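Colleague: Protein chains in written order, with our numbering: chain A, 1 to 680; chain B, 1 to 680; chain C, 1 to 680.
Quick caveat, the hints were computed from the structure, so don't treat them as lab data. Please read all numbers here as calculations on a predicted model, not as lab measurements. Any given hint could turn out to be false.
As the list claims (entries may be wrong) - Some but not every residue of chain A turned toward chain B, in silico, with C-beta under 8 angstroms:
1. W189
2. A196
3. G198
4. V205
5. I210
6. A416
7. P418
8. L498
9. G502
10. I521
11. G523
To be verified - Here are the simulated distance ranges between beta carbons:
12. D61/C - G158/B: 52 to 60 angstroms
13. G158/B - V643/C: 35 to 43 angstroms
14. D73/C - G481/B: 53 to 61 angstroms
15. G481/B - D29/C: 35 to 43 angstroms
16. A27/C - W317/B: 44 to 52 angstroms
17. A476/A - W317/B: 34 to 42 angstroms
18. G481/B - A383/C: 45 to 53 angstroms
19. T106/A - A280/B: 37 to 45 angstroms
C-beta atoms are modelled at their ideal positions from N, C-alpha and C, and glycine is treated no differently.
Now for the letters of each chain:
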Amino acid sequence: MKVQPATPGAKRLLYGGDYNPEQWLHAPDILQEDLRLMKLAHINVVTVGVFAWASLEPQQDHFTFDWLDRVLDGLEKNGQKVILATPSGAKPNWLALKYPEVRRCTADGTREPQQGRHNHCMTSPVYRSRVALINAKLAERYARHPALILWHISNEFGGYCYCPLCMAAFRQWLEARYQSVENMNQAFWSKFWSHAFGSFDEVTVIDKSIHGLELAWKRFMTEQVMSFIEVEKAPLKKFTPHLPVTTNFMGLYDAYDYPQMAQTLDVVSWDSYPHWHDGACEWRTACQTAFTHDIYRCMKPDRAWLLMESTPSNTNWAPISRPKRPGVLRLSGLQAIAHGSDSVLYFQFRKSRGSYEKFHGAVVDHVGHEHTRVFKEAAALGAELGELGVVLGGGTSSQVALLYDWPNAWAIAQAAGPRNMDKDYAATCLAHYEPFWLSGIAVDVIESTRDFSGYKLMVAPMLYMLRPGVAERMQAFVAAGGTLVVTYMSGIADENDLCFLGGWPGPLKDLLGIWVQEQDILGDHQKQSVVPVVGNPLALPAVSQARQYCDVVELQGAEALALYGADFYAGKPAVTRRRTGKGTAYYVASRNDDAFTLALYSHLIKDLALPRAIPGELPPGVTAQRRSAESGEFIFVMNFNEVAVEVPLATAQYRNVLTNRRVKGALPLAGFDAAVLQAV
Amino acid sequence: MKVQPATPGAKRLLYGGDYNPEQWLHAPDILQEDLRLMKLAHINVVTVGVFAWASLEPQQDHFTFDWLDRVLDGLEKNGQKVILATPSGAKPNWLALKYPEVRRCTADGTREPQQGRHNHCMTSPVYRSRVALINAKLAERYARHPALILWHISNEFGGYCYCPLCMAAFRQWLEARYQSVENMNQAFWSKFWSHAFGSFDEVTVIDKSIHGLELAWKRFMTEQVMSFIEVEKAPLKKFTPHLPVTTNFMGLYDAYDYPQMAQTLDVVSWDSYPHWHDGACEWRTACQTAFTHDIYRCMKPDRAWLLMESTPSNTNWAPISRPKRPGVLRLSGLQAIAHGSDSVLYFQFRKSRGSYEKFHGAVVDHVGHEHTRVFKEAAALGAELGELGVVLGGGTSSQVALLYDWPNAWAIAQAAGPRNMDKDYAATCLAHYEPFWLSGIAVDVIESTRDFSGYKLMVAPMLYMLRPGVAERMQAFVAAGGTLVVTYMSGIADENDLCFLGGWPGPLKDLLGIWVQEQDILGDHQKQSVVPVVGNPLALPAVSQARQYCDVVELQGAEALALYGADFYAGKPAVTRRRTGKGTAYYVASRNDDAFTLALYSHLIKDLALPRAIPGELPPGVTAQRRSAESGEFIFVMNFNEVAVEVPLATAQYRNVLTNRRVKGALPLAGFDAAVLQAV
Amino acid sequence: MKVQPATPGAKRLLYGGDYNPEQWLHAPDILQEDLRLMKLAHINVVTVGVFAWASLEPQQDHFTFDWLDRVLDGLEKNGQKVILATPSGAKPNWLALKYPEVRRCTADGTREPQQGRHNHCMTSPVYRSRVALINAKLAERYARHPALILWHISNEFGGYCYCPLCMAAFRQWLEARYQSVENMNQAFWSKFWSHAFGSFDEVTVIDKSIHGLELAWKRFMTEQVMSFIEVEKAPLKKFTPHLPVTTNFMGLYDAYDYPQMAQTLDVVSWDSYPHWHDGACEWRTACQTAFTHDIYRCMKPDRAWLLMESTPSNTNWAPISRPKRPGVLRLSGLQAIAHGSDSVLYFQFRKSRGSYEKFHGAVVDHVGHEHTRVFKEAAALGAELGELGVVLGGGTSSQVALLYDWPNAWAIAQAAGPRNMDKDYAATCLAHYEPFWLSGIAVDVIESTRDFSGYKLMVAPMLYMLRPGVAERMQAFVAAGGTLVVTYMSGIADENDLCFLGGWPGPLKDLLGIWVQEQDILGDHQKQSVVPVVGNPLALPAVSQARQYCDVVELQGAEALALYGADFYAGKPAVTRRRTGKGTAYYVASRNDDAFTLALYSHLIKDLALPRAIPGELPPGVTAQRRSAESGEFIFVMNFNEVAVEVPLATAQYRNVLTNRRVKGALPLAGFDAAVLQAV
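In isolation and in its complexed conformation, chain A is listed as follows (with noise of 0.2 angstroms):
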């Protein structure tokens, strides 16, 4: 599968990350140093400008872009592409404190004062204003610049603003969203509670027991920061038709809706800091950053993604945070690159001598040489990247599809009950991942809203929110073949969060064959036992524990394939199958334990023959991915054990790009290792 690089005609890979020469101005031979070891480092682009609104423009109109003409011209002689960030992710103080409407008002109507960042108003048309002239004047100037390569717009957007200006936008927005007050009574079920409106004006605050007021307000904002991201765009757009503009995400970051925000963009990318060390097994920590860069992968599946920012040591903000062993900074770029990235790139170069982020681990440490373990690693790494440009354009085809949907997530989230703690969401998705990746077997992680054709299973993890069609497509998806996995705690509203009528999973009742008639929650330490049905061709193992979720399920037409072993529902289906039209649709009625799940895909897999990256089963904690281009498909072999591993070949034959030498039998790989194969 081909796919468009993620910044035009780029022939390397990119490498190096966030600079901040503003911070330095007074020190010129730190910034001259900058250019050796970046050179050192082998980096060829850097992220600049981001929060430089304040050295950008010190007073209002008063421009000083002398020193980022010399930092553009001194990266452009040294080697390095820049990445040009607006200014927007911090606002000025003279600009905060002269338009007030600029700062954000909190949910109680109190405007916040200046401080740390964040925290401008999405409506205000004075913020706008600005932002739109600061982007013109830096468009303007460097349009030419031959080292720019790609607009970074603002950085990590995130966060609302209550302000009257934003509920005034609010009330229009729902005004051309319902079309009558009746309409949106009825989409919020207002009457509960004596909620009803009178009018449009009469919703001045966003009351959390009103869910679908509270999910709508969610959509707006979405599109409030789209159309944010579009006054910032208009003058880039003007000025360097021929670039590309990215904005950072931040993972599953859940205030807005970021497939439907990536529209608005023609790359996405994302920050990444995993949580590495801190005793939890290392290779779930791997599998869940992988599950999150597949969902950028998916979310532009024609363009190759951007690993925007990563550090290549610590982070500051965790609680705690360890540094990156030895090999990790190298195993945790390759990974990025096996799912699809066309850059690593770090938070930060250079490491700031005060404030707020002064401990979170960079390049270049405060020591300011070259000769610490972290530049090296990162040197070394750059040197390798050196030998992958081959990869750029490269793709992942997938025949496996899960579902991960923002608004579902929202919806789960602010529902008072059915359970109340550990709901999960995202991590019952991770857990269903976690099979495929384990076996090395591609998945693309989708909304529900895009196309199901061209996969052969299907896995609906806690799909609650059946937005519309949804139901429609997954029958048909069924009846032309396919695979469906559905579990507990879906087709249970719809996308105003209005309670299907008449059972649940509501529109999936037919197309799996059951009613699920009620829901048994369990407490935190309580259990129930799931025991397979004597020869059911799931072949799952002896019985499983199941915990916090357990539906109570009548068969309409599925057969069942395990049972509930205790409480007043033993005997009951607790995984049921339907065969209808060519497919096959599953549910798993409770939240089970990682062996029930692994066996349960591992019969999928081999049932439906999906094909993995490398041939037989892999170690633990060590995965395959793929990644085809034109000059080739490259797998990259991953080891996330501290220990050696050996990973078996089968009968194929390889060559590993990184250190060009044939392999085959088996692939000897060290803790934290990596190899990257191509077959030969």
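Following the hints, position chains B and C against chain A.
Modeller: Only chains B and C this time, still in chain A's reference frame:
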């Protein structure tokens, strides 16, 4: 003991619950189906109109009663009576936005936005007049409606408002109560921390370091809610003098003094939501529920009370809430009847589709039909209750009083020291209630201001605050032959929370014959041992463990029955007895384990020959409660264990009213089963 | 070493405490009884007037001193001296309501209501003038009162005000300190996150992400409180130039820089409330108290300090507070004297009847008489202290300095990273203090700005911030023969919290002969091992366990004495030594277990022949502290174990001053017992 039925002329126990047709006016088929389902479930009453203000008065002075006319007429024709709620529990948006004064202010004076519910000012003249108006409209319109049997005022009153109107009313209240600033300063001990007030006008905030002020505030707020209820009642009583009024209380909720509030009501009712199946011992959950039922039984001892809300299955708001296991819907319904309720009512009849309570258990689930376990159990209980109308008018007589005072709970909670964690006033009362419940002995749980005559045994756990006259009445109770048990943390402060001078337990020193010189406060993992004196008349067990509170007691007329085993006060009394007049007064100086408490009361039960509902010991987790009506005495025998038991019946012979079968020798009860016996 | 007594011409140790007659003016019999009880308890001083403003000036400009006249005269006649408090610790209602500016604003600018205490603005001209006026009235009236011996300014200064007046004063302070906005921006590293200020006027909020700004704020607030104290002092010094002033500090409370504040005072005093008997090791509680006592002993090294408050029994505000066990009142009183206090003072003499502190321990309980354990113990100590006037003027000389810096504590606490949990600066200093305390070796706990000469050993745990000149003075200290111990997390930032460039530990790199390349931060359950180099000169124990912080050290002139045993930096130095000049500098790279720390200092104690108060080893939990007066050298030997011990005395012979008996060979001490020895 005969009591008046909760609703005049009742022939049947009330069975039904909250019903919100206003949420379904767009779906006449569903409203029609509701009538069929109610009949099927043997429902004879529904509560209508809670939170219906926006549906009844969608704009100011524009009333829409037609839908309610149709609903009430339909119910009447279908055989259901109606409890009609006044709609003040949630204010409509137009009212809240047009008249900001109806919205509450928080303790720091901030006006709340319009959201949630239960958040109107009790003082606001505007709110009072709007409530009076709509109540008058309702009362006038439905005064003669044959379905109407009871007024349900507002819903679960709660919380405080600190707006200027409330604070002004509070200052007037203070002046009326204390007459002079000097009196108030003395009652507040306000020279401490220079808090002395120069005038009543200087009371501008509820300063939590002035305990007398905080107490005064809670007393004022109680009276303010009562005054608000009077405003609600006036039009109801005008148009329907024949109908009783209630409001639904929330167990031991402590913002207001419920027993005092009950004086404004004709009937008391409460909403009972025990946390069944949460991993704690099931029968302790039942015992806690029984304790609260007994508080409500005694709050208006001459009239039956109503179980106004309970869930047919799960709640939606608890962190984790499991569906009621098979049998528990029936068992907990019968438990309420056993303790004197004339009703079993549910929140809710039909589950709402959207917003905050869409996952709260209901008789009719989203599936909409009767073929669910929950519906079937509800219908079966409905049928069974049809046989139990015979208990109407039946009350319970008790020879044991346990004191539980709201102002005492306030004073203990707000005190700084002597212990600031795990004060557990209610739990301590419950621990002293449990031995009686396990023995099938009725306990009146009453305020200390109530008449003490007629009891043989009085238990006063942690009676920190002695209100005026209480010590004297206790003295008289013992002098007249009563047995009194007082514990640690009693007799410390007067009604203003000013400590008694002269030593603990204040005015009870002479009666108890002791002086508590000091109090040891143990850490969470620290223990003290309590060693019975050899040959002690209570036959206390060998050695028991005390925790948290250990008074250091000096004998001043009493004798020691048990001694501390360790620490610097080893050998000092841990339990004392003083015989005085015709009675006996015990002091329990430490917080003891359950074995101790059970032994103590087992002895007193035997010694005082307290009557059991069933002769002989009951199996653990089983209780028996009597209700004595004109038609006879009915003994509810209830098994709160998940497993079956046999209840020995000695030589008595009974008829099980529910099955109409004879029982003798032993009563077998399945897990969560119950029987209603009548001696034959 | 001779010191000036805390109060001029003192002949006796001060014994007594807080006394609040204004709470009892309505009960003259109680006031009379107080005098009798004070005499009985050997009380010779009481602190009067704390929080008495409302009683002294009940309305503006209306003063009522008559009751205070009577109280002071009565005390004088009864033999008690008086510490007179200025009343500013709590403002009266009339003042707070008439002049809102005297009430504080919170960090978000909200004006606080009038409640609680300790909540006046330090900047308000109104408050300053009202305080000056009442202080002048007090000083003028009682200037010649024979009972008056000391002024107690306000009470436990604490907290911040962010009102417009304070913010304006802060901006002036910033301008005075930094001269130009450029300098300030550089010190704040404020180009980070676009925080650069265009003018001083733009500083409108204390942004916690700008660490330099937060530091500046704490420095400003310290100076603002000092300036407030100067306002308080002016009238006192005018009318009573002969009397010293103090204010009561709160241990290591860190809102202000206490050592700096102490410069405005004649005498330092503090309120000591250790959490005895809470289940933790008793002697560690004692050691922690000793550490703080030593801080105050050294804060004004030429003058004795005062124990201003302590509880005779329990506190009322801790989650759990146990009464002091028999002997502990005496032991903790003697402990203060041993560490240089001239007083043992209690909060409070008589327990108040109402409000927040009614359950705080007192010499006289609510019972009102002297027949309580607590009163008896207090009276016995009073008698005993009568024998100890000989220690007046006696100081302590030490050869060990341990550095504890308030601004360092600030900087560590406010840092984001490298570790955000369990930073534990104070606890780490305490861990390094403990071996000396266990050995009976005096330690001066001093600021890093103090003179280092005269010490043999200096310990600098976690000296993250190196203030100007400190590194140079450490260098000189070692060059001159001193032994220096520095730990992980030292030498990282300058006085503005800007990190040193050139590598950790900054300006101490050369002195220590090391470079800390990076720092491993361990998770809560993670460990590292520290393996001594064979034959290391410190005779370190076999292997010890490090946790939380492990520096990865490179030798640059030092030698390794112990190495890490595991992880990627196994074999790197964990302890280093560099001999330079005439001295030695050690670096302890990890947070080690107590066994390691004890072994380290045991060696240094031996090596440097540091003098012990008692020759030879002390039993665990026993310490000995010397106080050297003109009349001789007094050795306080204190057993903080609950059980009895024998303290070996080698060949020396002593007299126990408290019993006037000879002691030799061994000193037997009961649990919680103490002796005061003088060599004979």
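Colleague: Against each hint, give a clear statement of whether it holds in the structure.
Modeller: Hints, one by one, checked against the model:
1. W189: holds (3 angstroms)
2. A196: holds (4 angstroms)
3. G198: holds (5 angstroms)
4. V205: Status holds, d = 4 angstroms.
5. I210: Hint holds; I210/A Cβ to chain B Cβ min 5 angstroms, cut 8 angstroms.
6. A416: With a minimum Cβ separation of about 5 angstroms from chain B (threshold 8 angstroms), the hint on A416/A holds.
7. P418: The hint holds - P418/A has a Cβ within 8 angstroms of chain B, the shortest such distance being about 5 angstroms.
8. L498: At about 5 angstroms, which falls below the 8 angstroms cut-off, the nearest Cβ of chain B leaves the hint on L498/A intact, so it holds.
9. G502: OK, holds: G502/A within 8 angstroms of chain B, min 6 angstroms.
10. I521: holds (5 angstroms)
11. G523: holds (5 angstroms)
12. D61/C - G158/B: 52 to 60 angstroms: violated (45 angstroms)
13. G158/B - V643/C: 35 to 43 angstroms: violated (54 angstroms)
14. D73/C - G481/B: 53 to 61 angstroms: holds (56 angstroms)
15. G481/B - D29/C: 35 to 43 angstroms: For D29/C against G481/B, whose Cβ atoms are near 39 angstroms apart, the range 35 to 43 angstroms holds.
16. A27/C - W317/B: 44 to 52 angstroms: holds (51 angstroms)
17. A476/A - W317/B: 34 to 42 angstroms: Taking Cβ atoms as reference, A476/A and W317/B lie about 39 angstroms apart, which means the hint holds.
18. G481/B - A383/C: 45 to 53 angstroms: 51 angstroms Cβ-Cβ, so the 45 to 53 angstroms window holds.
19. T106/A - A280/B: 37 to 45 angstroms: Holds - the Cβ-Cβ distance for T106/A and A280/B, about 39 angstroms, lies within 37 to 45 angstroms.
In terms of the numbered hints stated before, the structure departs from hints 12 and 13, listed from lowest to highest.
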